[in-house]
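Can you build the whole structure from these sequences, using the hints too?
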Amino acid sequence: MKKTPFPLNPFAYVPGLHEVTTLQHSAASCTRCNACVQSCPSYFSRQEELFSPRGRTQLLRLILEKKIQPAAHRALLQDTVRTCLLCARCTEACAGAVPVAVQMTALRRAANITRWPLGLRLLLHLRGTRPRLFEVLLQTALFLRRLGCVSVLIPALPRWMKHAHAVLPRRTQSLRRALKAHALPTEPAQASCIYLPSPEAAHVDGAAGLLSVQWLNQQPRIWLGRPSGLFEYLHGRLSTCLRQAKKLLTDWEKAATATPLPLVTDSLEIYSFLKNYPVLFAFLPGWKRRAQRLAEHVFFITDFPFSDGNTTPRPGRAALEDSSALYPPGDVAVRAREILQTHFGKNLLQCRYSRFPVPAAGLSLGQGTQAEQTVLGHVKDVAREQLTDVYCLSGWAALELNAALRRYYPAAQAKHIVYLRAGYERISDGKLQAVR
Amino acid sequence: MHIPSKLLHALKHLLGDEHVRTDALSLALNGYDCSPSRHRPDLVLTVTRPQQLPELLALLSAHKIPFIARAAATNHAGGCGAVRGGAVLNLNPLNRLYRIDTRQQFADADPALVTGHLQDALAPLGFFYAPDPASERVSTLGGNLAQNASGARCLKYGNTAENTLQASFLLPDGTPLTLRHDGPGPDWLGLVAGSEGTLGLIEKLRVHIQPAPTHIQTFLISFPSLAASVQTVTDLVSCGIMARCVEAMDKLTAQTIEHFAHAGYPEAEALLLLELDGAPEQIKQDEHRLRQLCHQNGSLHITAAYTPQEREQLWRGRRAAYAAMAALAPNVAVGDGTVPRSELPRTLEKVRRILDQHGVTASLLFHAGDGNFHPQIVFDARLPDQVHRVSKALQDILKACVDAGGTVSGEHGIGVEKRAVMAYQYSRQTLRLFQKIKHAFDPQHLANPEKIIPVGFEGRAALYEEKDPAAAALVQEIKRRFARREKSFITGAGSQVPPLPQPALSTRSLHRVLDIDTTNYTVTAQAGVSVRTLLDTLHAQHLYARLPAHYPGTLGGLIAAKAAPEFTGQLTGLQAILPDGDVVSYGGKVMKNAAGYNLCRLFAGSWGALGLITQVTFKVYALPQPDYTARSVQPGAAADLLFRAVKQEIDPQALFVSPTFEVSHP
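In the order they appear, the protein sequences are chains A and B. For the first sequence, position 143 matches number 143 in my numbering, and the numbering has no gaps at all. For the second sequence, position 5 matches number 5 in my numbering, and the numbering has no gaps at all.
Bear in mind the hints are in silico, worked out from the structure with no lab data behind them. Hints are supplied without guarantee of correctness; some may be wrong.
Here are the computed lysine-lysine pairs in the DSS-like style, where the Cα-Cα straight-line distance is at most 30 Å [stated by the list, open to error]:
| hint | chain 1 | residue 1 | chain 2 | residue 2 |
| --- | --- | --- | --- | --- |
| 1 | A | 67 | B | 12 |
| 2 | A | 67 | B | 64 |
| 3 | B | 64 | B | 251 |
| 4 | A | 66 | B | 392 |
| 5 | A | 288 | A | 346 |
| 6 | A | 67 | B | 392 |
Written as structure tokens, this is what we have:
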């Protein structure tokens, strides 16, 4: 078999959830107690050590100790690393907080494991460098898809792309067009905060973006198409990620006049990533201090008081899906639950509606064939509890879950929590008329 | 080990291609558990349906491939390692809960169902499953039974073996059996519990569930010394108050936890975290008594938690104990040893000295109720010197346990890590008997081989010598008869078995009650004591045992005939003379013992065909126990496949005759 290089520096420092550590040290910190395993979504569907957090850390350790030749087992190794959703639930469950997600990110980079075809990677690269061109290209692609042109290409696309195709709504609208329709400026003269929309809200579900702006109840400066470095951190080069992060930091500092402006986002993943910015700059003390300052001024949309003047209790039974595709949501989920509680009262399910801690976000991307089963598990839970609304904190989770619900249990719908703003009128994909 | 391609083909046909893995990655990732030992298997087989198991074992057995059942692999003693290579059976997909019957109080489940998931399913019904190992959120029902891991609640609610009603069991060649505690012949289910998968494979389980107590009250009590804390627990037991669980820790541990979790634990030499459950009035009474006892023993501070939130606050520190240690160093080794409760303070002080001697940092948590303690030693596995010091310290701690009359494992098992100290705990004769039991169940040594029994123990383990004159006389007599190939049958009061034509071996000379221990609440009595006399002696001291009050025979007869299966679970120690004159000894005053095969369970219901029971140790109580009548037993062990196999190993010449055995082999 042809040996391919596998550069993995054991002494490379990797930023974890809580601290910065070397790969070698983080792999050695696993005591193999298995406390992580029941929190892992990919283990839940595969039931094999190879696909458990403990297995992944041990795999890294074996590679670092040169007891396994990664090049000889490339396919299986890729499968193991790729199926990690990076949800970091295992790190939360671990007494030693072993950063498995970070380890897997390092392994992905070392093994050059990427799920994204070259064309798409180039397109996404444009998002950082040429945002307007990116948007034009993306909207053209989405328009072609709606016409049915993409379905011709589908057989040639990887399996996960087919899932993504099923998840995206038929009608999409970008936030830029939605703002234009409502004559809202992206750069108001007297902005009191900055709104960083999630990629879903910016390009696919403009309604969610618009509702977020309304939720903020003030005229925010809207940063369209500005990358936070998250995508590059997960799927690309760390150097590009750092470059993008530095640019965001500089722009934020420039935007502030007298007092720093709060940076608000409706993406749970971006929120968590920005909160962890200081760890990313651990070895650049100057940047770290600036990132710490930013992290103090980052907010999730639910951190702002919610009021739409509607005090009547909402009908139906609701639940909160607080899973995130990256870091666990923590306090954000608690606040979101409080908001929902005031509107649904007893009809908000107090417990997690899912029996298993499987995040809905990123399933169809990460799991391939297993995604279907796990998503079905979620649908069953929704049906069992006879829910009508599932509010998600992650936009992508909402899209994925909604796609599954549309197919198997149309009585319920999943939506981003900002849709609370729209009252109990149903909003079909991308149609803005229903928004009050 | 070479895996024949024919076998691989058959396995793929049975399990499916993707469930038979031979790649180095899968093999390396199925060769470890929580212990430092690593052994790479040659095959990893994922079993997705229980129906596949008998055929799978038959296939492996036909090709003489050793196998190890593996699910959560949370074992701390290296029980999941493939020492001789072979196949690892990944049972994780077998995690179904089939049935919960609240009326008859049982639940049927697959072996790899996570114990915590069963609790989750029972909680809405107002029921619970009593065993609560610390790892219950991860470990599985089958694994818990195979290790007999029971957790802190076992003092009040019994261990995992007692809470398992029935198990579908597969012998290493795939022969299916159904094991129960009260079936004819020895208590095979009790023997399989704690056997660490060396006797076969648990295929399905029926466990006992019970209504969850509605009222629970938690207390955090600080003491000026370890001895005072243990004395309080002893006093509590002597008042007849059975705490739901009694967790304890020493000063250093409490400080580490407090520093990490800020749970509000006071600074003291010993802390007790104690829970009472039951009816509200009962709890009130018990609390009053508890406060009195704490005062008597000089407690420094008592915090009581009445609401679930308050309870959670008190438990937060205890639950964070492992995390607190994990924060200090990359690796944590969790030890396990059990001593009689009375020996706890002395042993813990000795353990601290050993830890200091070896220069290692450790927390010391213990279940004060049952004398089981778990040192959690922090170290860095990358430094060979540290690893060496930790393993040496752990070994010395285990020896200290044995010296104090305890056992090297309360719930973690022996695996490969503790095999060496087994030769320190058990005599050569007892280890030989363990070997025979293993051989009887698994003549090809395929089921989790090379575990429990130390390698080359003949040269290291001491020979046991009987000191009691009456028992020694019996040993001489049995040895004499063995030399002459004379058959004999064992008799006590003659209440169960009518005299047989062979010369009798009477246990009537063994008529003494050897020890009544009111600290540990155990009694050691010789087998020839009549049950009535024994009960009278105990009542005179206000002690009560779960013995049938009107049983006419002897204690040995009651056990050997298994006339009271409830009593078998009360046995903590046993001595017996085998047909060749070897004296074997198992257990003692320890409430938990997961070291070796449970001989108490083997001899219960053996009808004297496997050996002559000379003395037993059993639990007693301060409050009267429910009275019951001994069942009339129909000897039926003769038809038992296992009984014949074990008999063949222990007594190949059939020198000890019993009615059952003679019926099948005239």
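Okay, the hints, checked on the actual structure:
1. Taken as a hint, the residue 67 of chain A and residue 12 of chain B pair is honoured in the structure, with Cα atoms around 27 Å apart against an allowance of 30 Å.
2. Restraint check for residue 67 of chain A and residue 64 of chain B: satisfied, since their Cα atoms lie roughly 28 Å apart, inside the 30 Å limit.
3. For the hint pairing residue 64 of chain B with residue 251 of chain B, the CA-to-CA distance comes to about 52 Å; that exceeds 30 Å, so the pair is violated.
4. Proximity of residue 66 of chain A to residue 392 of chain B is assessed by CA-CA distance (about 28 Å); at most 30 Å being required, the pair is judged to hold.
5. The straight-line distance between the Cα atoms of residue 288 of chain A and residue 346 of chain A is roughly 44 Å, outside the 30 Å bound, and the hint therefore fails.
6. A distance of roughly 27 Å separates the Cα atoms of residue 67 of chain A and residue 392 of chain B; the hinted pair therefore holds under the 30 Å criterion.
Hints 3, 5 from the earlier list are contradicted by this structure; the remaining hints agree with it.
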